[in-house]
Amino acid sequence: MKEKSTMSQKMGTTFLSFLCIFWVMPVFVVLWNSFKNKNSINLMPFELPNAETFVGAENYLAAIDKYGLLQSVGWTVFITVGSVAAILLFCSMCGWFITRVKTWWTKLIYVLCLFSMVVPFQMVMYTLSLVANMLHLTNPWGIIIVYLGFGAGLAIFMFTGFVRSIPIEIEEAAMIDGCTPLQTFFKIVVPIMKPTYISVGILQTMWIWNDFLLPYLVLDLNKYKTISIVIQYMKGSYGSVDMGAIMAALILALIPVVIFYLSCQKYIIKGVAAGAVKG
Amino acid sequence: MHETGWVAGYTWPVSYYYGNTLLGVNMQKNIKKYWPVFTLPVMAAFAIGFVIPFAMGIYLSFTKFTTVKDAQWVGLSNYAKLLADQTYLHSFFLTVAFAAVTIILINVIAFAIAMALTKELKGTNIFRTVFFMPNLIGGIVLGYIWQLIFSGILVHFNTALNLDARLGFWGLVILVCWQQIGYMMIIYISGLQAIPTDVMEAAEIDGASSWQKLFKVTIPMMMPSITICTFLTLTNGFKLFDQNLALTGGAPMKQTELMALNIYYTFYGRVGFEGVGQAKAVIFFIIVMAMAFLQQYFTKQKEVQQ
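Going down the list, the sequences are from chains A and B.
Under this note's numbering, the residue at position 199 of the first sequence is numbered 199, and the numbers go up by one with no gaps.
Numbers in this note's numbering are just positions in the second sequence, counted from 1, shifted up by 1000.
Hints listed in this document are in silico derivations from the structure and should not be mistaken for laboratory results.
Please note: incorrect hints may appear among the correct ones.
What the hints assert, rightly or not - Keeping only pairs whose Cα atoms sit at most 20 Å apart, straight-line, the calculated PhoX-like set for lysine-lysine is:
hint: 1; chain 1: A; residue 1: K235; chain 2: A; residue 2: K38
hint: 2; chain 1: B; residue 1: K1213; chain 2: B; residue 2: K1119
hint: 3; chain 1: A; residue 1: K10; chain 2: B; residue 2: K1122
hint: 4; chain 1: B; residue 1: K1122; chain 2: A; residue 2: K266
hint: 5; chain 1: A; residue 1: K66; chain 2: A; residue 2: K223
hint: 6; chain 1: B; residue 1: K1119; chain 2: A; residue 2: K187
hint: 7; chain 1: A; residue 1: K107; chain 2: B; residue 2: K1029
hint: 8; chain 1: A; residue 1: K187; chain 2: B; residue 2: K1032
hint: 9; chain 1: A; residue 1: K107; chain 2: B; residue 2: K1032
hint: 10; chain 1: B; residue 1: K1064; chain 2: A; residue 2: K102
hint: 11; chain 1: A; residue 1: K102; chain 2: B; residue 2: K1122
hint: 12; chain 1: A; residue 1: K102; chain 2: B; residue 2: K1119
For reference, chain A alone in the conformation it holds in the complex (with noise of 0.2 Å):
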């Protein structure tokens, strides 16, 4: 019986690790192409680059120059950082207050909240890039607060679910010891939310972080693009297509991405776990 049950073990750790190597090959295919010359991507692409197609890091410098991708990615963590930070403070403070404040319009707010992630993107990406392009809401600062108003939701609807589980006494024992709802929110509150702040930065940070259409209809292409911006222009543009700088972007856009997951891995996990519930 023991024999058994470790052969099939045997087995089945083989098939997975068959099944792993398949999983990241696409990865890899793209990472090998990115330093082979753009001639000979297309055409054959599972090959390994050889001394006749490799350029070394010329796609990398042609995307860095030609289309801007540094710039892009620049922005790119801004408007992630920015977003992510404002969304975190805004949102737990405004889902702490409607909370522990019961009044009709602390109701609606939650209302609205729950409602508004349900709505999908398409339904309002017409009318938000007028609103944001009526307010002057299109360039990085701008789009913060668009991002502000679109995360709220799941922001807001992740706090609640949280603050209803903290006790009510300690708090109480702050303000009775003459803390205002600030310090009480700031230094009471706050440290006890640890947790669900990770949860609601991380999924805050992996939607803002790969957006493609939202921050394309919202901002000042001219002036301000981010990496999933810049390749899908490169992609779109006609005329001649530099497959070895779109292999160079795919990659430069990835490696963030990568860093990020394996040095917070158990976390976004459980975060992921976490935002299951939205639905």
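Once you've looked at the hints, dock chain B against the given chain A.
Only chain B this time, still in chain A's reference frame:
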């Protein structure tokens, strides 16, 4: 920092005398005065980013417009036009087919991998890390990665993704499976780990075969996770946009256009059809919302049964 430690070790004799209810009311009043600080930033951004665009969107779906200022009320004519729009109907049926195929493939494979990974295999953590990884990659990047792979394969058969609608459809299915299996796997793993071991032991003592254990014990116990994952794949399938745009862009001849992409092209590809595009978006929103309500209903029903 020292305040935090102070609170953690603090016992509060005072609240004992005041009683919770009365204090609760005073505290609420006290907090309420601070409403502008706590809620105004989010309320303003939420109005700009969601409430106003949403309300405008509903209104504009009943008008003909190219800019908001020239919007003219046309009643239900946009909705009548979209019913006559063959590309929209095609994209609807294609999306339904796409959602059905991906629901089955993603959930069956993710469930199987989750089952394998909860057995005591070597290297479970590495497997989990690898399978989950594609989830973090953005839709546009995913689309171009797979375009390279598919074109490299299909070039040997003298064809390409954007030449054959069926290839485009299945290409998109493979891409989405690759992306989402890891995500669903995580949810299934946490569900499987929550099954109490004594139930399994009891089934073993009663002499149940592995298939019987799977269908009579594991799957019924896993129904909450299965409900979540089914609806997640369903709504993901309906909302799919970036991957569709990057992989095929609808080619050939709009035949691989899913609903979200069809709406996008109506807005930004056909001048004078903005109102129709908005009406399409409203229908799309109603479909997605109906799915959310259905999920609520199923989840609640399960809770009652348990």
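Hint check results:
no.: 1; hint: A:K235 with A:K38; in the structure: holds (13 Å)
no.: 2; hint: B:K1213 with B:K1119; in the structure: holds (14 Å)
no.: 3; hint: A:K10 with B:K1122; in the structure: holds (9 Å)
no.: 4; hint: B:K1122 with A:K266; in the structure: holds (19 Å)
no.: 5; hint: A:K66 with A:K223; in the structure: holds (15 Å)
no.: 6; hint: B:K1119 with A:K187; in the structure: violated (44 Å)
no.: 7; hint: A:K107 with B:K1029; in the structure: holds (16 Å)
no.: 8; hint: A:K187 with B:K1032; in the structure: holds (18 Å)
no.: 9; hint: A:K107 with B:K1032; in the structure: holds (14 Å)
no.: 10; hint: B:K1064 with A:K102; in the structure: violated (42 Å)
no.: 11; hint: A:K102 with B:K1122; in the structure: violated (52 Å)
no.: 12; hint: A:K102 with B:K1119; in the structure: violated (48 Å)
Violation of the numbered hints given earlier is confined to hints 6, 10, 11, 12; the remaining hints are satisfied by the structure.
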